[in-house]
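Please construct the entire structure, taking both the sequences and the accompanying hints into account.
Those protein sequences? They're chains Z and F, same order as listed. Residue 203 in full-length UniProt numbering sits at position 203 of the first sequence; the count goes up by one each step and never skips. Residue 30 in full-length UniProt numbering sits at position 30 of the second sequence; the count goes up by one each step and never skips.
These are calculated hints, taken from the structure and not from any lab test. Do not take every clue at face value.
Which copy is meant is left open, because identical chains are indistinguishable; a pair holds if it fits in one copy or across any two.
[As the list claims (entries may be wrong)] Only pairs whose alpha carbons sit at most 30 Å apart, straight line, appear in this in silico DSSO-like list of lysine-lysine:
1) K32 x K149
2) K8 x K379
3) K198 x K355
4) K218 x K198
5) K256 x K123
6) K142 x K218
Below are the chains, spelled out letter by letter.
Number of protein chains: 2
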Amino acid sequence: MTLEEVLKEAARLVTPSEEEERNVKEISQSVKELVSQIVREEGVNSEVEVYGSSARGTWLPGQRDIDVFVVMLDRERSPEDVVRLLTRRFSELGLNWTLRYAQHPYVTLQVRSYEVDIVPCYKIQPGERPVTAADRSPLHHKFLVERLKPEQALEVRLLKRFLQTIGVYGAEVKVEGFSGYLSELLVAYYGSFINVLKAATSWRPYRTYISFYESNAKFKAPLIVLDPVDPNRNAAAAVSLTSMSIFILAARRFLKRPSLSYFRQEQGDLVEGVNRVEVVYPYPNEPPDVVWGRFKRLGRALASWLRECGFRVMRWGVESDERTYVSLIYVVEQTQLPPYVIHRGPPVYDEAVDKFIEKYLGSDVVGPFVQGTRVYVIKRRRYTEITECISARLGKGGYNIRVNLYSGELIRKNPWIT
Amino acid sequence: MTLEEVLKEAARLVTPSEEEERNVKEISQSVKELVSQIVREEGVNSEVEVYGSSARGTWLPGQRDIDVFVVMLDRERSPEDVVRLLTRRFSELGLNWTLRYAQHPYVTLQVRSYEVDIVPCYKIQPGERPVTAADRSPLHHKFLVERLKPEQALEVRLLKRFLQTIGVYGAEVKVEGFSGYLSELLVAYYGSFINVLKAATSWRPYRTYISFYESNAKFKAPLIVLDPVDPNRNAAAAVSLTSMSIFILAARRFLKRPSLSYFRQEQGDLVEGVNRVEVVYPYPNEPPDVVWGRFKRLGRALASWLRECGFRVMRWGVESDERTYVSLIYVVEQTQLPPYVIHRGPPVYDEAVDKFIEKYLGSDVVGPFVQGTRVYVIKRRRYTEITECISARLGKGGYNIRVNLYSGELIRKNPWIT
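As structure tokens, then:
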């Protein structure tokens with residue numbers, strides 16, 4: 001397929017049905033009206049608005065989130081107050097709501113198959129320091145509405161789906177990728193989906209600095225995209241080195257060989273016989289970002305430990321359904337190591353050589369022997385089974401180790417690359 | 001044991017019996033007289049002398065070599081001529097002789113349990129350029145006789161046996177160690193066995209330069225000991241980096257913990273369960289130095305190849321009885337590798353990434369995936385059995401591969417270290 005054919009077909013895949021458009025509009029409007037009425041009755045000095053992708057027509061088909069903001073015009077009430085009064089009234093009305101926390105509390109209202117987030121925030125001016133992270137959203141909305149023409153909504157949707165397929169859509173700790181807002185900023189900056197990809201092929205980690213205005217702000221991050229409403233903020237701060245690199249690679253390959261594979265969520269073929277081990281924990285009762293953060297750190301530490309023990313970790317990752325389990329997965333060369341390993345000591349003329357020799361004098365080792373200028377022994381390994389090695393680090397309880405049972409993405413072919 | 005006790009007992013071990021002393025003297029004398037008579041009768045203008053350790057009382061007990069030199073006073077005859085006429089006369093006398101070649105031909109005469117090497121050479125003056133490598137021997141002898149007092153013969157013997165036990169005695173390609181002449185030079189230079197060891201603890205490879213006279217001669221070698229009879233020659237040229245380092249280590253340890261283990265030839269205990277593989281060839285009909293040289297080169301190349309294939313070679317070596325077999329031995333972590341291995345590609349922003357991706361597009365690989373800035377695949381190994389890997393390099397015939405049967409020094413404890 002030519003690039004034009006792929007883009008045409010992809011446009012179909014990323015454009016919501018008329019019914020979905022209608023549903024989102026209807027639900028946005030009715031929740032906005034309900035919330036407006038409540039805050040008016042409760043005397044909260046505020047404007048209630050629909051912001052985010054649902055308001056700008058840039059959401060992806062099937063996405064079930066709608067954002068309604070309660071923008072407080074003064075600082076008399078806290079977001080907690082507003083959440084409290086909303087939930088009380090929702091309960092009286094018999095509505096299905098959940099209390100949630102990001103950096104601040106918000107309420108999620110379940111309306112048919114949609115989740116409407118109702119987020120309280122304070123009104124701020126461009127450049128003004130936000131009180132809560134949500135305070136920037138009205139400014140973001142205003143900026144994007146001014147900059148993006150209606151027909152560019154499709155470009156945003158193409159980019160979002162592309163990012164989603166290659167696994168780097170979302171600023172959450174799980175993904176460490178491109179937020180929806182960042183995707184829209186990139187289209188606003190480069191003009192179109194294809195222009196974003198073309199630009200990305202010459203991006204270089206830690207050297208790419210994108211700004212709508214002249215700026216002297218300094219950031220240390222793989223990708224820097226200055227937030228036009230707050231020049232002290234890098235809108236791409238969440239993008240990890242790997243996520244940025246995946247996008248550069250995908251952009252390069254897509255432009256070379258356009259394909260619909262970049263717009264379809266498919267699983268790659270399983271590669272049989274690759275050794276892997278999975279450490280499965282029950283999902284803790286904590287917000288996802290906290291859980292992903294902690295398990296990614298634990299996963300990295302365990303990967304180092306496995307390498308220290310002699311296991312070759314080829315690839316590792318954290319997976320979770322964010323409900324029942326979270327697991328650390330290690331794709332390894334082998335799950336069992338041979339009994340002996342070489343151990344390098346100091347040069348023969350170094351003071352430290354005496355301690356080394358004396359340590360191994362009585363042991364069941366080959367040597368000590370000399371190669372070049374250094375002394376070596378061949379000694380027994382401490383752990384030969386990967387399960388022993390893992391237990392030695394993690395302790396006895398609270399998890400299960402599954403050897404060669406995992407069948408997820410980490411041992412599959414890349415489903416999108418062309 | 002104290003150092004004094006060890007040295008006293010070691011002196012006993014390295015001093016030949018009176019009977020052996022008598023035998024060596026008698027045989028040296030009678031062969032010298034026989035050869036003198038022959039060359040006189042054949043009109044070779046020469047002096048016949050016993051040189052080497054047997055003449056200086058510095059041989060090790062049980063050593064069965066005696067050296068008799070035919071030092072030609074002019075250049076009328078070639079060494080080959082002299083060898084020819086000697087062998088003709090030996091045959092007429094019904095003596096048991098063998099023709100041998102080092103860098104020049106010589107005759108070995110079997111007398112009782114001794115091998116007497118009869119070596120023709122040209123008389124040269126100190127500093128004069130030798131015609132054959134043997135021409136320096138009379139000068140070496142003269143230098144050592146002048147410099148070493150009779151009681152220092154014991155010091156030389158202690159050093160030689162010490163070097164022998166730790167496996168670095170001999171300048172031949174097999175050992176790449178310290179020649180007998182070099183051992184005597186070191187005792188002449190430092191005065192005693194213990195003083196040589198003390199000096200060696202502060203030797204540094206490529207920085208140690210020992211000379212009896214001031215000299216500006218430059219050499220590139222781990223150890224440099226200027227030959228006092230030829231300042232353009234490094235008498236320690238044969239000493240490899242490893243051999244020098246072994247000596248430094250042994251000297252250091254012996255001085256720290258003196259032991260008779262440095263004067264007894266013992267085998268270390270076998271360490272069970274270490275993986276190893278042996279490639280056994282029939283011994284070729286060529287001089288030992290040629291065979292050792294070729295098989296060491298082949299051994300090194302095969303070690304690199306095994307590493308390239310993913311086998312971890314912990315130690316390797318060449319062994320031979322110099323008669324029936326020569327074999328390459330590899331002590332390895334494992335003789336069988338797991339089926340998959342990670343393969344690192346270029347950074348995502350590098351031109352080369354396209355070729356890498358396209359190479360693996362149709363293959364049964366995990367990925368291609370990105371970590372950091374680079375692209376990777378997890379792919380099948382070419383060889384998982386070490387025997388396959390070896391055959392792929394060495395071809396089909398002419399050798400046998402033995403897996404986990406070798407039981408020599410390379411998988412034993414160090415028998416001398418203390």
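To see whether the hints hold, each was checked on the structure:
In this assembly of identical chains, the alpha carbons of K32 and K149 lie at most 30 Å apart only when taken from the same copy (24 Å versus 110 Å across copies). Proximity of K8 to K379 under the C-alpha cut-off of 30 Å is found in neither arrangement, the shortest distances being 63 Å within a copy and 35 Å between copies. In this homomeric assembly, K198 and K355 come within 30 Å of each other (Cα to Cα) only across copies, at 19 Å, whereas the closest approach inside a single copy is 59 Å. Taking the closest pair of Cα atoms, K218 and K198 come within 30 Å of each other only inside a single copy of the chain (25 Å); across copies the shortest separation is 60 Å, beyond that limit.
Taking the shortest alpha-carbon separations for K256 and K123, neither the intra-copy value of 46 Å nor the inter-copy value of 79 Å comes in at or below 30 Å. When the C-alpha separation of K142 and K218 is checked against a cutoff of 30 Å, the pair qualifies only within one copy, where the shortest distance is 25 Å, while the shortest distance between copies is 79 Å.
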